Amino acid sequence: MIFLSPYLLSLIPVLMVIYYLIYHVFRKQNPIKFSGFLFISSAQSKKTKSIPLKAIFDLIPPLLVIFAMANPQIVKVSYTLVIDNSLSTGFLTEDGDIVFDKIKEKAISFINGQFSRIRIIPVCGQSVDFSDQQEAKQFIRDLSVKYCQDNLSSKEVYSVGKLFILSDKNIICNHCDFYRVTPSDLTNSAVSKIDFDGSNILVDIMCNKSIKDTLKIEYIDGTSEDLAVPCENSIRIEKSLRNIPKKVSLLDGGKNKYDDFVILNDFGSLNYDNSNFDFLKKAYSFDPTNYGLAILEYGDTILPNTIHYVKSDTNKEGNFFIFEPALKIFIEKEPLKVITGSEKELTFSNGITIGKVNDYDAIFFPNFNSVYLPFDLSLSVSDSSVKVFLLNLISWLYPSERFRGFYVDESFPSNYTVKINDTNDGFSGELSSVYAAFLYAGLIGAIIFIVLFNPWRGGF
Amino acid sequence: MRVKVNTDFGLLVRLKQKKLVFRKKRASYQLGFHSSFYKGRGLEFAEYKEYSPGDPIKFVDWRVYAKTERLYSRLFSEERRVTIGIALDLTGSMFFRLSKITNAWNLAVGLAYLACLNRDKVVFFLGNRPIILDSIDQLINFTKTIELVETPNFFSNLNSYNSLKYPSLLYLISDFFEPIEKLEGFFNLFGKKQFETVALQTLISEEIRPNFEKWGAIKDIESGEEKPVNRSMLDLYINNFNKHTVQLSSLCARRGVRFVRFFGNTTLDEFFKILISQNLVR
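Which chain is which? The protein sequence lines are A and B, in order. My numbering applies: residue 1 is where the first sequence begins, and numbers increase by one. My numbering applies: residue 1 is where the second sequence begins, and numbers increase by one.
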């Protein structure tokens, strides 16, 4: 609630001037000529020196005025909302709604209140600061349940203002309020591991109750297969593949609808949307320090099982090194470098066509951990669809046992109490720069006023 | 500031039987009514002196000769006239109210009159230049024409008094509204001289208890500096004022200066009674 504008603080110097004029100008009209002035001036100087506390007390009235005017502005607060969008919030509530939808609903109700700044920290995602209500609301609406390596307890919460945590878990924290939405049924099944060797696929499925699932395998040619999977605790499905798999899904996989499918590959199309991309990225953890990938340059015609000379004729060096910070993919298999004017013989044997881009093959060479891309990567790497392509490529290149599934805890939550280490101090007020400027101007003005004129001591 | 004051001649008539009292005998060569340390002709016997040829025969004490068969001459204290200094403070603070400067002036004139009655020489300090009065006629004429003019630096002007010959008594008539440190320096200077000093402080009631609440603001009558005042400052003023008075009394006692306060509500007759009680006038 705002009932005084910070601009009213500018009235303080004006009031001081008026006060000064009243006492200085009007009383100056008829000062009495007095012989004992000596005793007044000496009394004053002595008093100022001997009773400094009095001077402090003199400061209290203008300070009270300032703070009385300023205090209403402090109710304009800052919030930090931590929104749990981890996989466990994909469960259903008693009402049949998804937990995360209720969390979003509550989060948006916070946004409707008065605030000067709000920081939204999704558990799976980057924190963003907002000062505009509509932008903050839209950000929350766009949030979805995701799988990520982060979880609530490991999340670093650098909050501003009052901290609210919205989650399906029970929160223990130092300075926060939390809103909990409890799921009604934790019955669930999920893919926990996929092994893929190019011709066969092994899918491990976990379930916490007896569930009849359907495993759906979609291929890059558009065809699909459905396999009935009666799960009891866990089950391993082995299936020979007709083609390169594109997506593996669990149909009717328990009460959590957000952990039921896994995208494997999609080389047939580059038009992936980012949501799928994100999901894939977070459904599996890719450790970039142990695995690398070299990308050969565009322009070299490479066919499988041929000897190829990588040479650098003019000022061009073969550089098979990729670092893409935006993707957080660090591909640093020893780069294949060719010094200018020299050449290097490479036998591109056992090349596997892993996809087509504009009718050109994308070929993987396991011996070199290299892949030939039929497009200029340096020009296209910022393209979101290329990012998706590369990620899918990586997920295909490395057998899935190299990926570790982190989502088991989230899909089958057992410990529902989370302790948060937050840096929040519980103070919800925040000074705007304009308000602060006026406040400090008022304070300094009041101090100067007292020091120079000291009205309570008969200054002027 | 320039003020025409009215001299209270009635007071002078009432003071006709009074005399100034001295503690120290210091006199000029001129004859007068005050006994001096000079030995010779006079009315008051001082001592015997063994007769030597050339001494007047009429001063030989024949009774002593009859007893001792030796000749002794009687010596008397010679009566000489003395110089009385009367310094009237004419700085701005003395002009705070007309009654204050009028009372101070009539006090000065009264003392000068007593001095002239005894044929003493009066030196008036009313500014930068001393004014010498030898007789009552000169005093009366002087008071008829006097117009008091404000002068700065009362105490520094008094240095000219040091140059006078045979000073005996100096009356300082002032409110002594100066910092004690400054007064101390002044009294240190005068304390080395062999003459008697009497400090007469003249005040009026408004200086003892000023009405700050009503006034609102005051202006230093000398420097022109202004300050707002209120009731809360009155206690501080009184406290400082009393402290100044105590310090002044103490200073005078240390320097051998007799100090008498002349409050505003006291009439001149009453004040002279106070002087009599203090053995400054008889």
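It should be emphasised that the hints constitute simulated quantities derived from the structure, not laboratory data. If you're wondering where the values come from, they're calculated on a predicted model, not measured in any experiment. Any given hint could turn out to be false.
[What the hints assert, rightly or not] In silico BS3-like pairs for lysine-lysine, Cα to Cα no more than 25 angstroms straight-line: (1) K18(B) / K182(B); (2) K182(B) / K214(B); (3) K33(A) / K144(B); (4) K33(A) / K214(B); (5) K216(A) / K239(A); (6) K33(A) / K4(B); (7) K216(A) / K102(A); (8) K4(B) / K243(B); (9) K209(A) / K239(A); (10) K67(B) / K33(A); (11) K144(B) / K182(B); (12) K4(B) / K19(B); (13) K227(B) / K4(B); (14) K227(B) / K33(A); (15) K102(A) / K137(A); (16) K58(B) / K33(A); (17) K18(B) / K49(B); (18) K216(A) / K255(A).
[Unchecked claim] Under 8 angstroms between C-beta atoms, here's a sample of chain B residues computed to sit facing chain A: (19) V5; (20) D8; (21) E150; (22) T151; (23) R231; (24) V246.
Note that the Cβ used here is the ideal one computed from N, Cα and C, for glycine as well.
field: Structure versus earlier hints - violations, ascending order
entry: 1, 2, 3, 7, 8, 10, 11, 12, 13, 16, 17, 19, 20, 21, 22, 23, 24
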